[in-house]
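Student: What follows is the residue order along each chain.
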Amino acid sequence: MSLLDVRNLSLRVGANTLLKDVSFRVSRGEIFGLVGESGSGKSLTALSIMQLLPDGMHQSGTIALDGEMLSDLSEREMCKRRGRDVAMVFQEPMTALNPLHTIGQQVAESIELHSRVGRREALGKAADVLERVGLGHIPLTRYPHELSGGQRQRVVIALAIALRPKVLIADEPTTALDVTTQAGILDLLSKLVREDGMAMILITHDLAVVHDMADRVAIMEKGRVAETGVTSQVLKAPGQDYTRALIAASSHAPLRPPRDGTQVVMQARDVVRDYALPRRNPFSVRPTFRAVDHVKFELRKGENLGLVGESGSGKSTLTRALLGLEPVQGGSIELGGKLMDMDAARDLRRRIGIVFQDPFGSFNPRHTVARLVAEPFHLLDRRPSKAEQRAAVGEMLESVGLNATDMDRHIHAFSGGQRQRIAIARALIIRPEIVVLDEAVSALDVQVRAQILDLLAELSDRFDVSYLFVSHDLSVVRAITDRVLVMKDGAIVEQGDTAQVFAKPSHAYTRQLIDAVPKLPI
Amino acid sequence: MRAPRSGDQVLIYLGRRFVSLCLTLVVASILIFGIIEVLPGDPAAFMLGINAQPEAVEALRDQLGLNQSLIARYFDWVGGLLIGDFGQSYTYRVPVAELIGDRIWVSLPLALYALVLSTAIAFPIGILAALRRGGVADYGVMGLTQLGIAIPNFWFAMFLVLIFAIQWRIFPAGGFVGWEDPVAGLMGLTLPAIALALPQASILARIMRSALIETLDEDYIRTARAKGQSRRGVIWHHALRNAMIPVLTIIGLQFSFLLAGAIIIENVFYLPGLGRLLFQAITQRDLIVVEGAVMLLVFSVVVVTFAVDMAYALVDPRLRR
Numbered sequence: 000m001s002l003l004d005v006r007n008l009s010l011r012v013g014a015n016t017l018l019k020d021v022s023f024r025v026s027r028g029e030i031f032g033l034v035g036e037s038g039s040g041k042s043l044t045a046l047s048i049m050q051l052l053p054d055g056m057h058q059s060g061t062i063a064l065d066g067e068m069l070s071d072l073s074e075r076e077m078c079k080r081r082g083r084d085v086a087m088v089f090q091e092p093m094t095a096l097n098p099l100h101t102i103g104q105q106v107a108e109s110i111e112l113h114s115r116v117g118r119r120e121a122l123g124k125a126a127d128v129l130e131r132v133g134l135g136h137i138p139l140t141r142y143p144h145e146l147s148g149g150q151r152q153r154v155v156i157a158l159a160i161a162l163r164p165k166v167l168i169a170d171e172p173t174t175a176l177d178v179t180t181q182a183g184i185l186d187l188l189s190k191l192v193r194e195d196g197m198a199m200i201l202i203t204h205d206l207a208v209v210h211d212m213a214d215r216v217a218i219m220e221k222g223r224v225a226e227t228g229v230t231s232q233v234l235k236a237p238g239q240d241y242t243r244a245l246i247a248a249s250s251h252a253p254l255r256p257p258r259d260g261t262q263v264v265m266q267a268r269d270v271v272r273d274y275a276l277p278r279r280n281p282f283s284v285r286p287t288f289r290a291v292d293h294v295k296f297e298l299r300k301g302e303n304l305g306l307v308g309e310s311g312s313g314k315s316t317l318t319r320a321l322l323g324l325e326p327v328q329g330g331s332i333e334l335g336g337k338l339m340d341m342d343a344a345r346d347l348r349r350r351i352g353i354v355f356q357d358p359f360g361s362f363n364p365r366h367t368v369a370r371l372v373a374e375p376f377h378l379l380d381r382r383p384s385k386a387e388q389r390a391a392v393g394e395m396l397e398s399v400g401l402n403a404t405d406m407d408r409h410i411h412a413f414s415g416g417q418r419q420r421i422a423i424a425r426a427l428i429i430r431p432e433i434v435v436l437d438e439a440v441s442a443l444d445v446q447v448r449a450q451i452l453d454l455l456a457e458l459s460d461r462f463d464v465s466y467l468f469v470s471h472d473l474s475v476v477r478a479i480t481d482r483v484l485v486m487k488d489g490a491i492v493e494q495g496d497t498a499q500v501f502a503k504p505s506h507a508y509t510r511q512l513i514d515a516v517p518k519l520p521i
Numbered sequence: 000m001r002a003p004r005s006g007d008q009v010l011i012y013l014g015r016r017f018v019s020l021c022l023t024l025v026v027a028s029i030l031i032f033g034i035i036e037v038l039p040g041d042p043a044a045f046m047l048g049i050n051a052q053p054e055a056v057e058a059l060r061d062q063l064g065l066n067q068s069l070i071a072r073y074f075d076w077v078g079g080l081l082i083g084d085f086g087q088s089y090t091y092r093v094p095v096a097e098l099i100g101d102r103i104w105v106s107l108p109l110a111l112y113a114l115v116l117s118t119a120i121a122f123p124i125g126i127l128a129a130l131r132r133g134g135v136a137d138y139g140v141m142g143l144t145q146l147g148i149a150i151p152n153f154w155f156a157m158f159l160v161l162i163f164a165i166q167w168r169i170f171p172a173g174g175f176v177g178w179e180d181p182v183a184g185l186m187g188l189t190l191p192a193i194a195l196a197l198p199q200a201s202i203l204a205r206i207m208r209s210a211l212i213e214t215l216d217e218d219y220i221r222t223a224r225a226k227g228q229s230r231r232g233v234i235w236h237h238a239l240r241n242a243m244i245p246v247l248t249i250i251g252l253q254f255s256f257l258l259a260g261a262i263i264i265e266n267v268f269y270l271p272g273l274g275r276l277l278f279q280a281i282t283q284r285d286l287i288v289v290e291g292a293v294m295l296l297v298f299s300v301v302v303v304t305f306a307v308d309m310a311y312a313l314v315d316p317r318l319r320r
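These protein sequence lines map, in sequence, to chains A and B.
Per numbering that gives the first Met the number 0, numbering of the first sequence is gapless, rising by one per residue and ending at 521.
Per numbering that gives the first Met the number 0, numbering of the second sequence is gapless, rising by one per residue and ending at 320.
So that you can see chain A by itself, here it is in the shape it has in the complex (with noise of 0.2 Å):
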């Protein structure tokens, strides 16, 4: 018999149908992976198992957990059942725990919660949890702030785990972390699931991972189960034309010609950052801290240079510099000859353009999009007239397949992928030699993603522009980029061809990373 069993599960708010007749079952000691794009109605799915829906929203359907009916419970009794039956790991693991509170105190919650016990014998056992979790060296008594993104999701694990659960439900468990961390993630989540013999249901956007870790797997689209099976039959011979696209555009690589130029757009020579700490004492030397280590690479004409590394590697401290916002204690960043720093003048910054990662936070929600786009034009000398911008605006907007049409609305009209086009509109509306993706694409989709992969090769043909393409997702990276720099405690570690970087790669840290990441079966 099945352990957990869920059948017909549907939810609305109002007349939208959020999740429409989800069912699937989980045994004992199996991991079944939840997969599917932003709202899909993957979490949905989870809270509703919880009986954790916000408020106003209508569900229907049985959701029993060994033989009994979550969804008939009361919210009394439900309190009883989380936590001790049924837990769950969240994304956020920065925000995910109370930061008034010990990690010893949260741990310790979860047990004082289910069983008539002291604070001294539950941070007892909390002791141990976080032991099995890989935390033993930790003291109890530290707060959430003190830890890393890792070691916070390890707390927040611990405390999910700590009653020894029937089911374990952990969305998006490892999409804000780093690929190391990432796989030491998976590794205890599988661990725990082979020694407690409890049951899990994984929620992921990212295939490779499903296929590394899950049994079964179920295909979610628009708030239905599209495909249910075992991972491996369902990842190799896909029998929806959804899941069939979801997989290439894991994978998808756009095809472009390799770029060889020879002319050299940005220099950077042994650049050095260092930041001031506080003093330890009003009389000590202010310690520093070196963020960029004597960096030094340079950006050949219409080349797509990738620059990896995890978080706190010194990647954006190095990509603001390279923007001319930071100040550098050691050499310097030179663009077609000329120096790059906090005065360059408008001609220099005119050369460089930028799209962030956030689709949702790097435009003001005032602005019509021709006024968002044009914002660039202040950089030239002649500022073009009102017509002129409006005709440029309309046929980049066409360029980066929107409508010029588009150019009068606001953007809360668009979704992630048409404002992360609008964003590379924005930064290629002058022209510059050289666009900075800093992360632009890792908020999207998989296949929102393999459009705008296509999008950008594209346009790096057409408008001869050189890319550098910040990220810490390794295979994008590969699929894009011609040379990589990888970057490790400041310093570039390694850096040559991207095809021989994966292929062969010479620095262990590289070699590391690359191993670290899932894969998919091709």
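No wet-lab data here; the hints were simulated from the structure.
Check the hints yourself; a few may be wrong.
As the list claims (entries may be wrong) - Cβ-to-Cβ under 8 Å is the rule here; a few derived chain B residues that face chain A:
hint: 1; residue: A43
hint: 2; residue: R168
hint: 3; residue: T222
hint: 4; residue: K226
hint: 5; residue: S229
Said to hold, decoys possible - Cβ pair distances, simulated, as ranges:
hint: 6; chain 1: B; residue 1: L20; chain 2: A; residue 2: R285; range: 23 to 33 Å
hint: 7; chain 1: A; residue 1: G38; chain 2: B; residue 2: L30; range: 53 to 63 Å
hint: 8; chain 1: B; residue 1: S209; chain 2: A; residue 2: T16; range: 51 to 61 Å
hint: 9; chain 1: A; residue 1: D357; chain 2: B; residue 2: P245; range: 25 to 35 Å
Every residue gets a Cβ at the ideal spot worked out from N, C-alpha and C, and that includes glycine.
With chain A held as given, fit chain B onto it using these hints.
Tutor: Just chain B now, with coordinates in the frame of chain A:
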């Protein structure tokens, strides 16, 4: 880099706050002294009336020390403040410290009383509104607090007098009998404290509500619910303490306001408080009383701010670094 022990961090945090507290006081004393000195109006001439002889005025200026240099007078004044000597009032010819000392025993208890009342009203209704967000209770609280903010406190004062002093005769309509009889003293301060507290409670309740609603949307609240905490449990164990930072800030600001801003209420209830003393001193050009009283208010504001900073550090471990 290894972090220093957390106890050291608390000391460093508080030490920094303390240094900034002292600097604030120094700057404030210079400003208060400077501004009052450049104001037109010679207290000696004012005290002796329009028909005074110039020689008499000059003699009085000498006697009051007004003919010394500005810097010498500043240091005289500050040096006096440090040992509790605020100087002599120009009009009453008694030590300023004595004048202020009498009044502070009305103003300070009144401010504390009003603050306790305001917190006692604001917390429950703010929490209720946040819990019943969008419901009848929420709309009720929001409507009432809107009224509470809009209606000036002296109107409440007159209304309270009408009901509780004239109609039902529970509390006195005005005046203050002193602390020899603590119950009578407290009774005398009750209506003014309520009148002061109502608008403050309205503001505080709204801050409480919005801070709590924001906190309840945080991810860690969902984590706590997934552990098995009930809706009520997450409020007590997780949300309230996190919502306290903005609430504490407002409480600190309100205390300072209540101490000095009660002047209208003091007048309505005929209370011998600091506000009235200050008002009378200004109209009579009793500059030395004004300086002393204002300096004392600044001191209390700075001390309260320091106390609020300490409370932050108690509430939020992230500030202890």
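Student: Now tell me if each hint is right for this structure.
Tutor: Consistency of the hints with the structure:
1. Interface restraint check: B/A43 against chain A, minimum CB-CB distance 47 Å, threshold 8 Å, status violated.
2. Residue-level restraint check for B/R168 is violated (minimum Cβ-Cβ distance to chain A is 48 Å; threshold 8 Å).
3. Taken as an interface hint, B/T222 checks out: its beta carbon lies about 5 Å from the nearest beta carbon of chain A, inside 8 Å.
4. A distance limit of 8 Å between C-beta atoms decides the matter here; for B/K226 the minimum to chain A is near 4 Å, and the interface restraint holds.
5. Taking 8 Å as the C-beta contact cut-off toward chain A, the hint placing B/S229 at the interface holds, the least distance being around 5 Å.
6. Our hint of 23 to 33 Å for B/L20 and A/R285 holds, since their Cβ atoms are close to 25 Å apart.
7. For A/G38 and B/L30, the hinted distance range of 53 to 63 Å is satisfied, since their beta carbons lie about 58 Å from each other.
8. The given range of 51 to 61 Å is broken by B/S209 and A/T16, whose C-beta atoms sit roughly 33 Å from each other.
9. Between A/D357 and B/P245 the C-beta distance comes to about 26 Å, which sits within the given range of 25 to 35 Å.
Hints 1, 2, 8 from the list above are not met by this structure, while the remaining hints are.
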